[in-house]
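Chains A, B and C are the protein sequences, given in the same order. Per our numbering, the first sequence starts with residue 1, numbered consecutively. Per our numbering, the second sequence starts with residue 1001, numbered consecutively. Per our numbering, the third sequence starts with residue 2001, numbered consecutively.
Calculated directly from the structure, the hints in this document are not laboratory data. Take the hints with a grain of salt, since some may be wrong.
[Unchecked claim] With a straight-line cut-off of 27 Å between C-alpha atoms, the simulated DSSO-like cross-links for lysine-lysine are:
1) LYS426/A with LYS1114/B
2) LYS383/A with LYS292/A
3) LYS426/A with LYS287/A
4) LYS1114/B with LYS100/A
5) LYS426/A with LYS245/A
6) LYS292/A with LYS245/A
7) LYS1117/B with LYS292/A
8) LYS241/A with LYS1114/B
[Said to hold, decoys possible] A few chain A residues that don't get close to chain C, going by computed Cβ distances all over 10 Å:
9) PHE9
10) GLY141
11) GLN188
12) MET374
[To be verified] Examples of chain B residues lying across from chain A (beta carbon under 7 Å, computed):
13) ILE1033
14) ARG1037
15) SER1041
16) PRO1045
17) ALA1054
18) LEU1102
Glycine included, C-beta positions come from ideal geometry on N, C-alpha and C.
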Amino acid sequence: MLENLIYGFTVAATFQNLSACFIGALLGTAIGVLPGIGPVATISLLLPLTFGMPPTTAIIMLAGIYYGAQYGGSTTSILMNLPGEVSSVITTLDGYQMAKNGQAGPALAVAAIGSFIAGCTATILVAALGPMLTAVALSFGPADYFSLMLLGLIVSAVLSEGNVVKSIAMMVAGVGLGLVGTDVQTGQQRFTFDIPELSDGIGFAPMAMGMFGIAEIIRNLEMPEVRAALKTKISRLWLTKEEWKRVAAPIARGTTLGSIVGILPGGGAALSSMGAYTLERRISRNKHLFGKGAIEGVAAPESANNAAAQTSFIPLLTLGIPANAVMALMVGALIIQGIQPGPRMIEAQPDLFWGLIASMWIGNLMLVIINLPMIGMWVRLLKVPYDLMYPAILIFCAIGVYSLNNNSFDVYVTVVFGFLGYLFSKIGCPPAPMLIGFVLGPMMEEHLRRAMLLSRGNPMVFLERPISATLLALAVIAVVAMALPSIRKSKDEALAGG
Amino acid sequence: MRLRPDAQDIFAGVMFIAFAGVMLYLNFESHPIGTARRMGSGYMPMLTFGILAALGVAILVSGLFTGPEPIGRFAWRDMGLILLALTVYGLTVERLGFVVSLALCIGIASVAEKVWKPLRVFGLIAFMLALCWVLFIWYLDIRIPVFPWSR
Amino acid sequence: MSERMRLARRTVLTVLGAALAAPATLRAQSWPSGPIRLIVPFAPGGTTDVMARLVADRLGPRLGQPVIAENRAGAGATIGSAIAAQAAPDGQTLVMSNIASHGIAPTLYRSLRYDAMKDFVHIALVTRNPSVMVAHAGFEARSFADVVRIAKARPDGLDFGVSGAGSSNHLLGLRIAQAAGIRLNPIFYRGAGPAMTDTIAGVVPLMFDGLPSASAHIRGGRVRALATSGSERSPAFPDVPTFREVGVDIVSYQWFGISAPAGTPAAIVARLNREIREILKEPEVVARFDQLGGGIVDMTPEQYSAFVAEEIAVWAPVVRASGATVE
């Protein structure tokens, strides 16, 4: 394996490939920081740049773009509360709070460092165990996926601060919104009101932009005094020794969790950052800081997210099957280059395979090189007067959301969720569980119905399969763990309230 | 327990119940429920919105006793202007092109600021036009009409 | 790479320049008066998108104006097609017509915003490819006859994976099952990728898929090809029989071509047809299509129109029998 990796580095480390990787990571970051433009949009916008390149260079550049876009998304989430994809939603929870506390610098730094460490570890994992890990992905049947999604939803219910019942209600409402669109099993239109744009469901990015970004702008306009405070706070750019100690273990745990969950096709990224965040919130010594700007709450999900980004290449490289929308675009890029990804790629195009693995590592390094010096610039961006800032954010959102499908409909969806996001904040309903339910709910339904069809209606399938049974047991434990403190709390409240 | 209404919880509870109610009605109107083995397209919505309605009731009932937590003032003007700016962008971008709709969007949004400073607003519009042109039209080549006569 | 980027920018600048000059050239009454847009009703990156771009890139220089592929995905390729149907019939807007939006959707969608025949003039068929029935590598059936035998022995038949309800492969599976007198239960997935994963893993024993997207998995030995839906064996897989050979008289292809809004002047249609057919004879294009698994067919506009009409007629009863309709 070492031999192969060295071979990979000799392929990737040519000047042409290194510069492709660097430019890719740079462009990816630059486009990815635009609100509303997540990794999928960034890659599809930049894809044409790679058409004229030799295959290895092209795919190395795309990998650079991907990592760059992902990190760019984290940057906007931390600075402006604008998540472009599910995993960034988790980052906003504590990242944006840190920025509000004047700690945008450390938040961005820890996101970069955590991503780098996770990326390095996961890359080695991909190189060493890639083909073996494919078996893990294939051993997950519909019943196992259902149980995994259920566990994910239950875990997400404890994500937010405040009223647990409201969080769960928001999550369930999110599942409900996720049902809008064409039913996968029957092709029937559900709750689409004859609007063709709704037949593919409500778009995630418009929904997230509206509920987080737009609602936040309205809240900031409403409270000018908060903005003033935000601006005058002077921020450190780097981590203190104390902070280093706090994030070491969360990064390690996040990396481990992300690497494993990332292998599973579908939902890997969402589940990994969410799982890592919840895990930290459960076991951290600084539980009370979570949701108010805990650095652990940025370190863990960012590490998990990036580890999952690496390992999600495994099904693509070994089976030729894309695990998510980003990987589907990668397949497209490979096909344009005349390459059919799959296990034969390792033998037929070793330079491409090992070059890509090596470039994953290089891409992560580039990310740190590009972004650590830029943290100062990003933080300074926060000092732009708000009367200039918010129209700029708004117009970026508008253009970004429109360009997703070249359709104004997505802009209107953003408007609706902008209103809802503002309303929710007034009545104490957290938006994050809604987005998570929205993403996981439809997948859960799909796997549930498929499992029941395949088992000929026998629900025992969920308990007979060891993976599924284990996950369901974990879900039960999570429910109990969640119920205990809230029961205790309500008792306390009852006593206090008399 | 003494009755101490919590406006936030009561509103949230009513909202969830209303949403679930409407969706359940639509669901029973148009989607077959099916059986557990062969679930129809209405099975999962029925479960989901059924649970949501129950949760809404729970929030509503507990909200009668956990208060008082008033719903803060609603910034109707700021919200209206921001959402209007976005809507106008969506309505005009295809017909009037990106230049006009960008200017309209920023122009409307800027009114939300307490003191309207024309020079700053026009400066911002000019700057954003240049930046977005370079970024989106020239560099990223997104397919969007630029001027009213481009289509 | 920098050269490539410059190239991309230059195209963009040309486009912008042309857009600025549009009012002047419109008066000149010449065609093409500006960049032509080719609406691709699928997401970027798929095989069909790649092939459409191949044609668009070569059509541009021949017409003296860039042809720009514009992805308008959604609702089973019907959103992009509806946009094209409403565009001005001046030859500046083209659309990638295909089996989903122009063959199946007319019957599948109860309220479609366009008429696949009346709202379009069909210019040229670009490519078509057969589908293939594959089995999980460890599944006991070695041939189509085995599948029939096993399916008849089981009261509830066999399951097969499909990429989506109402897709051509879903409907093909139902046609084959009916013709062979067996019961096949469709298990639906969000796209061909996840369905193929579960076929490789053995969650479902069988699957129907387009030959281009399945071919790598067949060659890699992860799934076994049982029969293809072409009128003759695929040159890429000479060992795999056709459905006709195994006793099911069904021939079916996935296809796409290029169409324009109805009312586009006949001279423009004729010119486009000529240019496209010449592009499809270029050795480089033939080689790339071979590699992607798409067969090339030579058709006049009249032949292509007749072909689309025939496809609508073929799929209508199948769609109705499947019970899959979309409001």
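Evaluation of the provided hints:
| no. | hint | in the structure |
| --- | --- | --- |
| 1 | LYS426/A with LYS1114/B | holds (22 Å) |
| 2 | LYS383/A with LYS292/A | holds (21 Å) |
| 3 | LYS426/A with LYS287/A | holds (25 Å) |
| 4 | LYS1114/B with LYS100/A | holds (22 Å) |
| 5 | LYS426/A with LYS245/A | violated (37 Å) |
| 6 | LYS292/A with LYS245/A | holds (19 Å) |
| 7 | LYS1117/B with LYS292/A | violated (35 Å) |
| 8 | LYS241/A with LYS1114/B | violated (43 Å) |
| 9 | PHE9 | holds (20 Å) |
| 10 | GLY141 | violated (5 Å) |
| 11 | GLN188 | violated (7 Å) |
| 12 | MET374 | holds (22 Å) |
| 13 | ILE1033 | violated (12 Å) |
| 14 | ARG1037 | holds (3 Å) |
| 15 | SER1041 | holds (4 Å) |
| 16 | PRO1045 | holds (5 Å) |
| 17 | ALA1054 | violated (9 Å) |
| 18 | LEU1102 | holds (6 Å) |
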